[in-house]
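*Asks:* So the chains spell out like this:
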Amino acid sequence: MKPGNPYLPEPGPDCVVSARSLVKHYKNNDRPALNDFTLDVQQGEFFGLLGPNGAGKTTAISILTGLFPADSGSVRIRGMSFQEKEHEIKRILGLVPQDIGLYDTLTARENLNFFGKLCGISGRKLGERIQQGLEFARLTEHARHPVATFSTGMKRRLNLAVGLLNEPQLLVLDEPCVGIDAQSRHLIHEQLKEINRQGTTILYTTHYIEEAQELCSRIGIIDNGRLVEQGSPVALLQQSGRGNLEELFLHLTGKELRDT
Amino acid sequence: MLKIFAATAKELLLLRRDRTGLLVLFLMPAILVVLITLVQENVMELTGQKKTQVLFLDLDQGDLGKSLQKQLATTTLDLVLWDEGQKDIADIQAAVTGGGYQVGVVIPKGASARFTEETARLFQQGNGKGKPREMTATSVQLFVDPGIMAGLRSGVTAQLQMALTTIGLEAKLAQLGGVLAQTMARAGAEPEQSPLAGEKLPALFRQPLLDLQEHQGDSGAIGASQYKPVQQNVPAWALFGMFFTAIPIAGSILQERNSGIWIRLTALPVSPLVLFTGKAVAYMGVCLCQFLLIALIGAFLFPSLGLPPFTVSMHPMAILLTVVLSSLAACGYGIFLGLACNSYEQASTLGSTSVVAAAAIGGVMVPVYAMPQVMQRLSVISPLNWGLTAFQDLLLRGYSLSAILDDLGRLLLFFAVTVLLSWKLAGIRK
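In order, the protein sequences belong to chains U and F.
Taking the numbering used here, the leading residue of the first sequence gets 1, the next gets one more, and so forth.
Taking the numbering used here, the leading residue of the second sequence gets 1001, the next gets one more, and so forth.
Don't read these hints as lab results, they were simulated from the structure.
Remember, predicted model here, so these are calculated numbers, not experimental data.
Just so it is clear, CB atoms sit at the ideal spot from N, CA and C, and this is done for glycine as well.
Hints are not guaranteed to be accurate.
Derived pair list, reagent style DSSO-like, types lysine-lysine, alpha-carbon separation capped at 30 Å [as the list claims (entries may be wrong)]:
id : chain 1 : residue 1 : chain 2 : residue 2
1  : F       : K1109     : F       : K1087
2  : F       : K1109     : F       : K1066
3  : U       : K85       : F       : K1066
4  : F       : K1087     : F       : K1070
5  : F       : K1070     : F       : K1172
6  : F       : K1424     : U       : K27
Pairwise CB distance ranges, derived in the manner of DEER restraints [stated by the list, open to error]:
id : chain 1 : residue 1 : chain 2 : residue 2 : range
7  : U       : Q131      : F       : L1296     : 42 to 50 Å
8  : U       : G127      : F       : W1423     : 44 to 52 Å
9  : U       : G123      : F       : Q1346     : 22 to 30 Å
10 : U       : V178      : F       : P1372     : 52 to 60 Å
Chain F with its partners taken away, still in its complex shape (with noise of 0.2 Å):
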């Protein structure tokens, strides 16, 4: 036990003599997650899922525009309104092709005085034999930006469409309504008495007869008002920073071996394994406070930035848990570089190319449901996946320790075949 304080304690007086490297360890991780997080926040307002602005210029200055607006106030489309008088279509265009704007909407001059004559012709065609008459729709402009997101793109028209759609249909049964009062008033009965007449039809219109009810899967641990990216991110990017600690390790094993200190230290009363402990603790110590800063710079700079705060209220002792065991995890695979590279070239080349591809396909960059296929597959050979699935089920499923063993006990097994392979390979090395 005395000679593991005592590689541990040597470890860890080097960290802190390296205090470059060290602090390299912390701010590359914390860098990352804020970046990333700042870069995220935007893509949701590009794929739809928080407000994007759309401009919005009326040239007709009638009912339709007025209806238009009324129907987007409800969706996550955030109006910018022009003044038709100063602003024209060459404007809107030159606004949306020169990135200023993703989306531009124009109502043409004459657009309601045309769609309310249309509306008045919809049942103008006598007793309702032969073909339904041709209608002719009246056009809203809308100008997208070439470069726009595919996600984007349907979501505005979708959200377009369905109010332009509703007005065209509240249109359609006030005409219906007014058709139906006629009728009833040519057969002597009192147009009063139409279920149809007055104001009743578009109160009875915008009343819903089917909805859709959605569920934050099946724990409902967390509220609509918190937001996933950044409990996916926090931990995502510690998960990269940990591993990022093989480099280092490994540069630690590789700095020794080509030295005179390996052959001194083959040639002490002392185990490989004895060493490698002491590694593996004290760059432990380094994942968790890389872990704490990185949750702290989540729960309280993030606020600052105008991001909703990271939250770790639910199971500590289990997210803790999965926090060493993904320190072990990396620290086995840095040991392990270091042992079967033979340069540090060849270990930091090898290392941060491993890690980059491991957090590629683990879900750290894309969310694995994201992926194709064949790397949604291939995402479970990756540590990164492990330890992020684990933080996953912890932080956005609200499951509890006993649903993420089975990826706890992977990261374990991981540490201990990179330890064992390490052990060979330091009698290899002799």
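The shape of chain U in the complex, shown without the other chains (with noise of 0.2 Å):
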């Protein structure tokens, strides 16, 4: 792996995430998925990474969270490398894919009970995980049926619960609010606004701009694989003289269509 750009400064203590030149390219595609792809998420901080479709949020999750590696550049989680410490870094970190990651023939508990096994976690402190988990979904009278019979609501809200059962330092979310109800959304991000208030750090894909807007103390914009502009809302739009984020969304953006 090539070193990172050597003129960025150097992550801080409180630093969770910290990605310097992020390369990526797929086969049979020219164009970079990410190209000299840089970010840092500080602790307690609560990250939106926005972009249209194709700009390279779900790449750069991927790689964020050790699921495949870059061609080049470097990605430390609280200090770690996935090279060196893929498990421990595992340990700390909570994915809620996009696509829902949930065993359909399963119940809910037993889709809980498997994934809470697999993070390590057993006996008693595993049953109140699972029982936290029920209640945070609000699945409680549902813990014995199977996911199949949900509705996609339900299945969105089991699949962040089961990515929280670890108790994640740092909670990976991929658009975990695409297909729902506005009453399932609306309890989504109310949960993960009073996870991240008890100090989770939350890194958020989305393109939904007043979904960020609404739940990230800091947006990051990504298009054609590179992070183009980032900071807090209110400071973005003081910056760049808009009168909204979708505004200054287009803007860098720009406005012809992404079907790619």
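Make the complex out of the two chains shown on their own, each in a separate frame, by following the hints.
*Replies:* Next up, the structure:
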């Protein structure tokens, strides 16, 4: 792996996510999915990664959570690299994938039980976490029902609860509110704010601008695999002189359709 | 260890919830083993290893027909006697051509008289000088179904020919005895002093001077009463069923890969090897149950279908080890398929085709010794062949564990290689 950009400052002790000059190419695609992508997320931040379709959000999230490596650049989570301390990083990491990561024929409780055990939790502690997860997802009454019988909103809530089983220091969510009703979205938003208030650092990808504005303490706008702007929603608006984030977003990313 | 238990328990839960899939996994080999064994029972008849029904119409009603019936009574031909007053040659032809019977034998009218007359003329050629006289053979007519297998045709023909030759020789010797007695009388000796006089000749003739002693390989473990197709088919089709579990294993991996589950699992502090082990242990349990079910069918259902029972009296631990290692090989292949393919359609097509091909070249459907040389050489690459050879060594040849270690080693190596390849692929599939 090539060394990162030497002119970038070293991440501080509160830096939870530190990505330097990430580059990623996919086969059969000349355009890089990530191109000199650099990002720091500090302890306790609710960081929103905002970008149009195909901007590189999911690729960035995947590299930052160790799902696959970048072609070049470096990633450190709480100062640790995936090459050296993959298991240690995974113990403090919670990932909520964009696609529902649950077994349809298992019940809500069985899903929580299985993923909890894979996180290394057992005994009474596991029982408590499962109960907390069911309450968090408002699925206590549906604990013994197969996931296949759930609505999309219920699945999304359970998907999130599973990601929280190991009480992660860093919670990474990839578009967790896609395709759900306003009630479930509102519940998820409130719960995420609460988790963040309790000290969990959150990295959140979305292409809903109002969602990012409502939730995030800091936003990064990604386009063509590069972070083109970042800052708090208020600061971004002040610096750009735009009336709202959508105007700024369209100004930075353009108005042409992104069908790739 | 907790994670392996969790992965195994999850797989077993998923299997329990998929009752249709589970039913297919057990029903498919169970139905196949019953059907194929019953079909092969019939094939054994067709190839002459069991009694074959032969229509027998004696239009002559003389000694020749009676002698032939007597000779054939000790063969594998089961004569169905037709009444000459009600049936004729056309009926026999119609019955054989129509497929109702495969073979028909007709003793033509006047055959016994012609045979006796010709036998009497056998030594009427003077003092033995000059050419031997031309004999006119009395024909017995044989009708054979054109669709008959070559093995059955030659088997039936050989037995009929042997019976006719025996009758002919007995007649010739009897005639010779008579001629010898006459010659001795002319020379002034008492005919009773002839060694071929009276009833001695046929009795002497029937005593064998040469015989064929058959042995069951070098073990002698299987008695003649045990019927090999059952001992072969039960493990063969159990193996086939076991290797078919590769498809649901691949399906379960593809379901995980094509949803967010795989991403979630990859982000958890757990090695893919732990997840593979969970799958292998759970499906190994399925394979063991499959074998047990098929063995029970062989032991208890087969006798009620008129087949001999399947027996596992020898080396039960070696048989269990063979089942376990065959199951692991099947699981390894399923895991590999799940990671090598991109969709369930791909995995099910490739999986079923490859398992059927491996079964075919491995000797599950047709014994390896009955295949062409090229296929026999190819059969050694089939994991089903390794498993089947081990089972045959244990169940048919009566060998012990030490004799099948090489086949067991191959199965274990196949499992290890497929799992390692899958681990590598899991890294790539990230």
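*Asks:* Now tell me if each hint is right for this structure.
*Replies:* Quick rundown of the hints versus the structure:
This hinted pair checks out: K1109(F) and K1087(F) have alpha carbons roughly 13 Å apart, not beyond 30 Å. Taken as a hint, the K1109(F) and K1066(F) pair is honoured in the structure, with Cα atoms around 14 Å apart against an allowance of 30 Å. For the proposed pair K85(U) and K1066(F), the alpha carbon gap of about 93 Å is over 30 Å, so the pair is violated. At most 30 Å may separate the alpha-carbon atoms for a hinted pair to count; K1087(F) and K1070(F) meet this at roughly 22 Å.
For the proposed pair K1070(F) and K1172(F), the alpha carbon gap of about 18 Å is at most 30 Å, so the pair holds. Between K1424(F) and K27(U) the CA atoms are separated by roughly 19 Å; this keeps the pair inside 30 Å, and the hint holds. For the hinted restraint 42 to 50 Å between Q131(U) and L1296(F), the CB-CB distance of approximately 44 Å keeps it satisfied. Checked against the hint of 44 to 52 Å, the C-beta distance between G127(U) and W1423(F) comes to roughly 33 Å, which is inconsistent with it.
Roughly 41 Å separates the CB atoms of G123(U) and Q1346(F), a value that falls outside the hinted 22 to 30 Å. Checked against the hint of 52 to 60 Å, the C-beta distance between V178(U) and P1372(F) comes to roughly 58 Å, which is consistent with it.
When the structure is compared with the earlier hints, violations turn up for hints 3, 8 and 9 and for no others.
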